[in-house]
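Student: Start from chain A and add chain R according to the hints.
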Amino acid sequence: MTWNEHLNRAFEEARAIILPVPPPTSFERVRERCSQLPEGNSKLWEPFLTEFYFLCDIKDNVPVSSEECVSQKWANTLAWLIQGLISWRKGSPDSKITLNFMLKLANAMDRDDHFWPQMPEEIKINNELLETLADEISSIESKYEIKASGSSYDIIAQFAAADRANNWYELLPLYNHLNGLQTDGWPGWYAHMLAYFNFDALIDATHNIKQTISARCLIEYLDDDEAFRLALGTESLHLKFAVIYKNIYKKTKEALAQNLPAPKLLTEPLTELLIQISEIPDLWQAWMKVFNSQPNDFPKLQEPLGAALAEMTPEAIGAYIDSFGLHINNSTPHFILYSYNQDRKSVTSCLKSFRQNASLAKRNILWKAAFKRWMEWDFHRASTKYVPCRITFSILDFAIIGYLLESCNDQECKEHLVEYYDKLNRLSDNWYFYHEEYQREKWRLLSHMQPFLHAYNIRGTDQDWLMEEPYPAYDPETDPYYALKFNDTGSF
Amino acid sequence: MAGKTIWDECSASFNKLAKDGVIGFYKSFDVVEIFAFQKDKPPFNVFSILVAKEEDTEDGNTAKRLLPPITLEGLPDWQFVIQRSTQSVDTIGKAIKDYGDHLTWNASGTSLKSGPLTPILGTFVPADQKIPGFHNKGDASLNLVLKNNFWNGSHIIELADPEKKDMAFFFETPSLLQELSTEISKIIPIRIAALSDRLGNIIIQFPVTVIWTTFHYDVTAQHYSIQLAWHPRAEPRTLQAQCDISYDGAISGFASRTIQPGETILPIRQNRHTLANGNGPRCIIYDDKGRILAATQVPDLAEPDTSQDHRCEGEGPRRFIQKEKDDQGKTSIIEMETYLFQRSSFLDKRDKPEDADRKFIIQREDHDKKPIEMAQEFPLYDDAIADFRNYVAKNNRAKNEYWAEKRIYKEELAILKKEVRIKQYYGLDSDKDDLQITSLKDLCSLIIKHNKAGTLLSDDQFQKLKSIHNRIVTQDERLMTLSDEEISGLQELCRSIQENKITLLEEENQRKFKAIHDVIRDINLEKPLIKEKYIEQLKFLCDILEKNKKDQKDIGLKPQFLDVLVEIYEEISKNECSRLKLDENIINILKELYDYLKIQKKDSLVKLDKSYQILIHRLYGYFNKKKDRKSCLSEDQFKKLEALEHEVKKSQTNQQQSLQLNVLNDLSNRFNEQRSIWLDDRDLIDLQDICDQVRKQNAPWLQDTDLQVLNEFSRYLKKNTSNGFWLWNLHLKALKDIRYLINRYGTEGAWLWDPYLSAQDILETLFYCRHPGVELRALAIARKISDKDKKGEAIKGKIDKLREKLNTYKGNTSFLNLEYRAKIDTIGSDFHDRFLIFPNQGHGARAWSLGTSVNTVGKKHHIILECPDGQSIKDAFEKLWNELTRDEETSEKTLIWKSPS
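Top to bottom, those sequences are chains A and R. The first sequence begins at 6 in the numbering used here and counts up by one. The second sequence begins at 3 in the numbering used here and counts up by one.
Quick caveat, the hints were computed from the structure, so don't treat them as lab data. All values reported here derive from a predicted model rather than from experimental measurement. All clues given are correct.
Here are a few chain R residues that face chain A, going by a calculated C-beta distance under 8 Å:
1) Asp130
2) Lys149
3) Asn150
4) Phe152
5) Ile190
6) Pro191
7) Trp214
8) Thr216
9) Pro234
10) Pro263
When the alpha-carbon atoms are kept at most 30 Å apart in a straight line, the in silico DSS-like pairs for lysine-lysine are as follows:
11) R:Lys651 to A:Lys148
12) A:Lys101 to R:Lys609
13) R:Lys609 to A:Lys109
From the structure, some residues in chain R lie toward chain A, with a derived Cβ separation under 10 Å:
14) Val34
15) Glu57
16) Ile192
17) Ile213
18) Gln229
19) Gly264
C-beta atoms are modelled at their ideal positions from N, C-alpha and C, and glycine is treated no differently.
If we strip away everything but chain A, and leave its shape as in the complex, we get (with noise of 0.2 Å):
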């Protein structure tokens, strides 16, 4: 029998029990360690998992037991579970931790969001239960407290302060980092259940969240479309936050973990989530930061991305191409050359959706803008720590062919090329002490022709407009001398 037939099964037995048995021995010693140890301890539910083993048994594939006395069991316990929800008040005795057990133990029997729908309507009714999980969920405030075994103090300490600060750039890295801090189930259960029932109230009590540590607890169990539903709703940018994140990076990481494929993302709602967060200037500026300093964490961002950017104002276009760290991709360890390239191909994809998507006024507006900073960068120009030691590429070079495709003609494309032609002639001019001062220009000079190269070798075709290895720039059967000595490209 698979999970749901059993819990089917036990809902249908559960419906006939009138009397269930009160209460579960469990709760009692549940409710005595509640007066001991502080919320979120783990140790608070162990007699629960004494008693409710068969749930975990089922939960893990073991075959669960046959006894009859375990399936009256869970029915039995199902039958007080129901009971209870639609009896239960705010103002008798253990009423929190009455009801922490039974979300408690309404969360260890849902699987594939197949419980909840089968609770009867009638807890609808109960809205002293619903206003109360409404209540709490408003009023949620999680502690930065660690585990012996988990996360560093300064991580957690650093978390905390860029989460007040909504330092969302140093939130990040540090995001990943938080496996040991200590989270309390009940925010995540009752969001469960008020999704459930009523959907608003949730997203009316969560507008003020203000902790991303709080905002992860809340949409632990809620599924991929109750997430983004919620995001969209409410004002909460920690929500917000909390939702893009697991969708775009935390599932993908958990599944590649596990050798699993990639879980299906829900494009549209998150392309929707980005144009709402581009409606604020400042956020969407350091949220393109965050999601932008290393695009490939987040391939699954940039499809959506690329979409929501079709939509989006000049300004915030402009924040996105800003948002970039623009590097030159020589460094010799090959690992770094590859995350590069892999950074390369995750905005090429985003830019390519925009394409797509995008009318060609507001292609022009990012082409333009990413052809402006790419000038601007010149491949660090204004460094002296990063030279270029070969020719490199940029994360920008899908936009870059886009400008000299969509917003040039053939003849200012041809002008710009003769230009670097006489640049690259006219470069011993300058005097250099070490021939590799000449060399890191030239390959400067013959990085910035990459793009004009491609664009002018692919004008009128359907070619990609990403080039992939890199252009000589004299042809050595017509042009030998002027081949051998300008097309070293450096080692790719």
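Tutor: What follows is chain R alone, placed relative to chain A:
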């Protein structure tokens, strides 16, 4: 008609070189003139260079001064000008002719006075091969002043001033030349200081552009590949390429071919002798008229494969064990596992193999005798490149012309130091300042450790420190002045510690805190000036204080522990008599606590912040000392108060331990992930604290892995705070230099000659030789070898112990060919000096004087210096060695240890 003068020849040579298609297609010259003048006196030429180029120009291009005139401090009346212009070929040709006729040089509209110029014709300067950061001694010196001579090479016409009368001041005060050169190089990248023999000269450079060539040596095929293309305007003509390699005055390889456009192959073998002795091959391309069109001394980064010489198969890495003393006089054992460095091919900067660095493992034992491995990685790669450059760059000494011999800056000191051809050690004296700084660090460490210093300070004290901090942060000055008030604030803080007003600190920590007092007192004496180095420390301190002020830690106690306070206060409030016997302060404290507790819930843990914790400590301290406390408290109440105090302390400790545990976890993770770890000051401080805890309490909250990490570092930490560390560190630095020399020059053996040479010294030096199987010799005087604990022993016993030590720690002696001998009794003559000798360095032995014994290198002042006549020292060593091995009996007697045995 008069015969041809030298100037006619010069003009003819100029015209020939400038003619289209001969070596290039020149239209103009880039003229750079550096000249000097005094007020109302004509300018004279300091140095001029004229570079032919293809680009056309209108004649009479206005000369442009590149900078306002340069004035040197030592020559206030003089001004130096750099002037640049573009002149046509004809203009320059005319300038040469005019000089021949009128002895006046005017190439750019400015007449320059010069000495009696003499033309030097027919010079060809091969392409410039110099690489930043390397000692480019094989490169043609003229490349320091030529423009962009990177490709085929350049023909040169040089108009030399053999007298240099006007430049006398540069030779009298060489630093002036260096100063001028520095200023010039900011504008034009030439280095005239290194070519003082060219001062007053005019150089006309014709870069060859009629062809374009590249050279490449194919290691596997053992041939040169030359790619060549003709200038589009040139008429291709027959060219020859010639390549030769010389070794020890003989030509050891030669190849010649007629070359065609495209690729031409010249088969030529390069063996390791030519490489190791710096004789790189020279390749020249010339035309049917004998004109050189390209020449290269060190072909395009071509390196022969030397892997055969270094491949070590069949045996594993060399392992041996070092015994070193830690600062407590105990001994600990270090096992070093070294992998011999294999050069699979000579290294090209562009293709650095990922495993080029040397990797090895240090094994240490923790207290449970379990080994801890630490991976070490040595960036040998850069050295290897430098070695290579130095090997192949030919020692191309220029002809011994008078001025060339008088070059002022022959070699840079930095290069000599880098190659350890001279190195001076200062011993511990050099680090006094650093040792003083450690006092300041101690203060910071104390604060970090206890995480409660912020609360130890009064608000007033804290505010003062904070204001100092703010000024430090905002004030961008190298020196900062503290007000008297601020100084006294700092001193007050220290005095409070000294007078035990602040009692929460353990005694040991108080002592450390006091140490800072001296530093602050010194600052005061210096009329409050804080040096830059202290500013950093103060910044750190203040940051910590501020952080801790905010991070006051709360603790939670069960209500039953605190009930006693309510009880006492209520009782005292009622009992006037008891009340009168108490200090007003104590009553206030009780009231404050009472008020606080009354508003706390009874059913959960009571939160106590730092201030309440202190109040409880004070309360307990008061009653504990009070003789007549029984008149105020019952015995039961006092016991409860004691229990409360104990509970507060326990909670504080737990909190601190949890913090420490996190630090440990962090370090442990880093250690496990990286297999090696860099400890910064913060780490050291944290660890030191934790190590202390472990020693004192046998802390049960630490896991085994934590203990392993701790034990590993405890030895290091101890050293880091004592002179022992500094001595050891300086000693190690010097030992590393000796190891560098052994590996750099010991390709065919290394001999160490030191009367006090012990087994430990040999393990520290010759065991590190990476060259497999080369002859390593160690020579000592038996009666002089002594470790501290072996004084007065009979020589026989001493030698047995040395032998035993080496046998114990020798490891697998992989590829180790070492003999350790000692002069015993009357066999052989005494010696005093200490040398490191490399017996077979191609052109003879090389030797370094160590200046002190190996066991004291780096610990006190001495100089390691290469001796001018290494061969004589080698001969002297060998003579003694032969005496010690003259017959079987003597050889056996003088032998201490040998590998292979």
